[in-house]
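A.B. asks: Chains as they are written, first to last, in our numbering: chain D, 141 to 258; chain E, 272 to 764.
Everything labelled a hint here was simulated from the structure, so no lab data went into it.
One or more of the hints may lead you astray.
To be verified - If you want a taste of the chain E side facing chain D, the calculated C-beta under 10 Å gives, among others:
#1 Q588
#2 Q589
#3 L591
#4 A593
#5 L594
#6 N597
#7 R599
#8 K604
#9 L615
#10 E622
Stated by the list, open to error - Residues of chain E placed beyond 10 Å of chain D at every Cβ, according to the derived structure:
#11 R277
#12 N357
#13 I430
#14 A459
#15 S477
#16 I489
#17 V511
#18 K557
#19 G572
#20 R578
#21 S658
#22 V720
#23 G733
Beta carbons: idealized from backbone N, C-alpha and C, even for Gly.
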Amino acid sequence: VSTSVLIVDDHPSFRASARRMLEASGYAVLGEAADGETAIAAARELEPDLVLLDVQLPDLDGFEVAQRIDALGGEGPAIVLTSSRDRSDFGEAVAESPARGFIAKSELSGKTFAELTG
Amino acid sequence: MSSLRRALIALGVLAFLAGAGSAALILTSDHTSPRGLAVALTLTAGWSFVGTGLYAWERRPGNNIGPLMTAIGFTWFFQGMQSSSNSVLFAIGVIGTPLPYAILVHLLLSFPAGRLEGRFQRIVVGAAYLSTTVLQLAWAFFIDPTKQSGCDNCPENPILIAGHEGIANAISAVQVVVAVFAIAATVAIVFRRWRRSSASERRVLSPVVLTGMLAFTILLAQLILGELGLPKVVEDSAFVGAIVVFSALPFAFLLGLLRSRIGRAEEITNALSAENEQLTADLRAKVEELRASRARIVEAGYAERRRVERDLHDGAQQRLMALTMNLRLARTKLDEDPAATGELLDEAMEELAAATGELRELARGIHPVVLSDRGLAAALGGLAERSPVPVRIVETPDERLPAPVESATYFVVAEALTNVARYADARGATVRVGRVDGFVEVEIRDDGVGGADPGAGTGLRGLEDRVAALDGSFGVRSSAGAGTTVEARIPCE
Numbered sequence: 141v142s143t144s145v146l147i148v149d150d151h152p153s154f155r156a157s158a159r160r161m162l163e164a165s166g167y168a169v170l171g172e173a174a175d176g177e178t179a180i181a182a183a184r185e186l187e188p189d190l191v192l193l194d195v196q197l198p199d200l201d202g203f204e205v206a207q208r209i210d211a212l213g214g215e216g217p218a219i220v221l222t223s224s225r226d227r228s229d230f231g232e233a234v235a236e237s238p239a240r241g242f243i244a245k246s247e248l249s250g251k252t253f254a255e256l257t258g
Numbered sequence: 272m273s274s275l276r277r278a279l280i281a282l283g284v285l286a287f288l289a290g291a292g293s294a295a296l297i298l299t300s301d302h303t304s305p306r307g308l309a310v311a312l313t314l315t316a317g318w319s320f321v322g323t324g325l326y327a328w329e330r331r332p333g334n335n336i337g338p339l340m341t342a343i344g345f346t347w348f349f350q351g352m353q354s355s356s357n358s359v360l361f362a363i364g365v366i367g368t369p370l371p372y373a374i375l376v377h378l379l380l381s382f383p384a385g386r387l388e389g390r391f392q393r394i395v396v397g398a399a400y401l402s403t404t405v406l407q408l409a410w411a412f413f414i415d416p417t418k419q420s421g422c423d424n425c426p427e428n429p430i431l432i433a434g435h436e437g438i439a440n441a442i443s444a445v446q447v448v449v450a451v452f453a454i455a456a457t458v459a460i461v462f463r464r465w466r467r468s469s470a471s472e473r474r475v476l477s478p479v480v481l482t483g484m485l486a487f488t489i490l491l492a493q494l495i496l497g498e499l500g501l502p503k504v505v506e507d508s509a510f511v512g513a514i515v516v517f518s519a520l521p522f523a524f525l526l527g528l529l530r531s532r533i534g535r536a537e538e539i540t541n542a543l544s545a546e547n548e549q550l551t552a553d554l555r556a557k558v559e560e561l562r563a564s565r566a567r568i569v570e571a572g573y574a575e576r577r578r579v580e581r582d583l584h585d586g587a588q589q590r591l592m593a594l595t596m597n598l599r600l601a602r603t604k605l606d607e608d609p610a611a612t613g614e615l616l617d618e619a620m621e622e623l624a625a626a627t628g629e630l631r632e633l634a635r636g637i638h639p640v641v642l643s644d645r646g647l648a649a650a651l652g653g654l655a656e657r658s659p660v661p662v663r664i665v666e667t668p669d670e671r672l673p674a675p676v677e678s679a680t681y682f683v684v685a686e687a688l689t690n691v692a693r694y695a696d697a698r699g700a701t702v703r704v705g706r707v708d709g710f711v712e713v714e715i716r717d718d719g720v721g722g723a724d725p726g727a728g729t730g731l732r733g734l735e736d737r738v739a740a741l742d743g744s745f746g747v748r749s750s751a752g753a754g755t756t757v758e759a760r761i762p763c764e
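Turn these sequences into a full structure, and let the hints guide you.
C.D. replies: Encoded structure:
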């Protein structure tokens with residue numbers, strides 16, 4: 141059974157490329173969300189194994205979205221934060237968040253994603 | 272020592288001698304009484320006028336007040352000559368005695384500026400001189416002093432044509448009428464001037480007006496009482512009163528004159544102070560305006576940087592990220608699935624073209640390269656071409672303008688055309704950029720719905736600051752239904 145993924149990003153072109161990349165790597169993309177509230181609702185509803193979560197969203201901060209998804213309880217998905225910015229731009233926020241880790245968008249590939257979530 | 276000062280000292284010596292001579296004549300007179308009082312009053316009034324007049328003359332050489340006061344003092348001594356037993360001196364004294372009153376009219380009317388104003392004032396002064404010189408001389412031709420009561424020991428009149436009391440009285444009556452007119456008119460003019468004067472002017476006029484009016488009232492009373500033939504004791508009392516007041520008069524003039532100097536200095540100080548306060552207030556407002564404008568420019572700079580960062584992040588950067596992922600995926604599929612790789616590469620090229628276009632737009636927003644390379648006409652042409660609303664460029668300067676002026680002009684037109692496209696609902700717009708009298712005048716006019724509020728958006732405010740930074744002016748005219756006109760005027764020699 142494929143590992144299921146929810147993609148959260150407000151840029152359609154990125155979501156499309158990420159979906160293609162993840163599917164090519166054997167992941168099952170359950171859904172996409174363009175903002176934080178939609179992402180939390182989708183995580184509750186779809187119960188994905190993983191969430192690829194952009195830090196900058198139009199409504200909520202990615203770190204807050206991670207907190208609230210984590211607070212949903214149960215098994216809960218592993219969260220991978222991503223951004224077009226560098227990890228160092230966010231200071232300690234990544235380490236303090238319940239997310240599994242952070243991958244810069246420029247580094248994102250099936251391999252880096254699998255290494256972090258595997 | 273200046274020649275003026277020497278002349279004034281000479282006049283002072285002369286006045287002293289004239290006073291002494293006058294006193295000697297009175298004291299040795301056989302037809303003047305009481306002699307002591309007459310000497311005291313003659314000298315007091317005469318020397319007071321000369322002394323204060325010379326002082327005023329020296330302090331304010333360009334003003335006629337000093338010479339007029341001095342003249343009153345000298346002519347005052349004619350009274351002493353009336354006491355002479357010598358018929359010639361006596362006659363000169365009789366003829367000259369009323370003269371200081373005419374000069375006093377002249378003095379009162381020309382105080383404190385030292386000159387007469389208007390025809391009526393000159394007529395009044397002319398009447399006073401007429402009464403005290405020509406008419407007095409005419410009267411003297413017909414008066415026989417030896418036949419006058421109270422002048423028993425007076426010498427004979429050497430210029431007597433005929434002792435004719437009827438003619439003398441008739442002339443005297445005319446004199447009185449003319450003198451009363453001159454005095455009444457002077458009182459009226461001075462009182463009117465005093466009523467209309469400001470507080471500081473009153474400080475100057477009041478001593479003179481009060482003393483002068485008192486003197487003239489007594490003089491008027493004396494003239495009228497004389498004509499009525501009242502007892503000599505009453506006439507003499509009025510005469511003594513007039514002389515006492517006359518003696519005080521020069522000091523009143525001097526006080527007024529000094530106050531006018533102080534008053535003028537105060538006025539100048541007040542005016543300068545008011546002007547200074549106004550300038551300070553203007554300067555403070557200007558500084559506030561500059562401070563606010565500077566803060567807005569700095570904030571606009573930050574806002575612009577945030578916009579550029581956001582545009583880069585949301586636009587080109589996202590496309591490049593997607594492109595990177597697509598290329599990476601294409602690389603992994605290159606061997607196993609060439610068709611899919613081809614599709615991925617096509618998509619990558621589309622992403623690349625879109626990213627390039629977005630970067631070009633962004634760069635143009637920061638600084639349009641066509642403006643620096645090819646000038647205003649080409650850059651405005653580009654704006655017109657890209658505008659969704661038809662734009663006609665009516666006029667542009669043939670020559671290149673200084674870079675800051677070109678840049679400000681370009682952004683005024685760009686922002687105005689953006690607003691036309693967004694809000695005006697216009698069928699078309701015109702752009703005119705011309706050079707007029709050392710200024711570049713920019714005008715963007717549309718035929719849209721109008722009613723734009725220049726204070727509402729930050730865009731127009733930012734343009735205003737940009738134009739103000741070049742010492743230019745910026746304005747928006749927009750009434751509902753009549754389109755909108757954006758204008759800027761930027762200095763450009």
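A.B. asks: Take the hints in turn and mark each one as holding or not.
C.D. replies: Now for the hints, and whether the structure bears them out:
1. Q588: holds, 5 Å
2. Q589: holds, 4 Å
3. L591: holds, 8 Å
4. A593: holds, 4 Å
5. L594: Because about 8 Å separates L594 of chain E from the closest Cβ in chain D, which is inside the 10 Å limit, the hint holds.
6. N597: holds, 5 Å
7. R599: Cβ of R599 of chain E sits 5 Å from chain D, so the hint holds.
8. K604: Holds: closest Cβ of chain D sits about 7 Å from K604 of chain E, inside 10 Å.
9. L615: Holds. Min distance 8 Å.
10. E622: holds, 7 Å
11. R277: Nearest chain D Cβ is 94 Å from R277 of chain E, so the label holds.
12. N357: holds, 121 Å
13. I430: It holds; I430 of chain E is separated from chain D by about 119 Å at its closest Cβ, greater than 10 Å.
14. A459: The assertion about A459 of chain E holds, with a minimum of 88 Å to chain D.
15. S477: holds, 82 Å
16. I489: About 100 Å separates I489 of chain E from the closest Cβ of chain D, which puts it past 10 Å; holds.
17. V511: holds, 107 Å
18. K557: Answer for K557 of chain E: holds, closest chain D Cβ roughly 43 Å.
19. G572: Given that every Cβ of chain D is farther than 10 Å from that of G572 of chain E, nearest at about 22 Å, it holds.
20. R578: holds, 15 Å
21. S658: holds, 28 Å
22. V720: Label holds. Min Cβ-Cβ 32 Å, cutoff 10 Å.
23. G733: G733 of chain E is indeed farther than 10 Å from all Cβ atoms of chain D, at 25 Å.
Violated hints for the displayed structure: none, as all numbered hints are satisfied.
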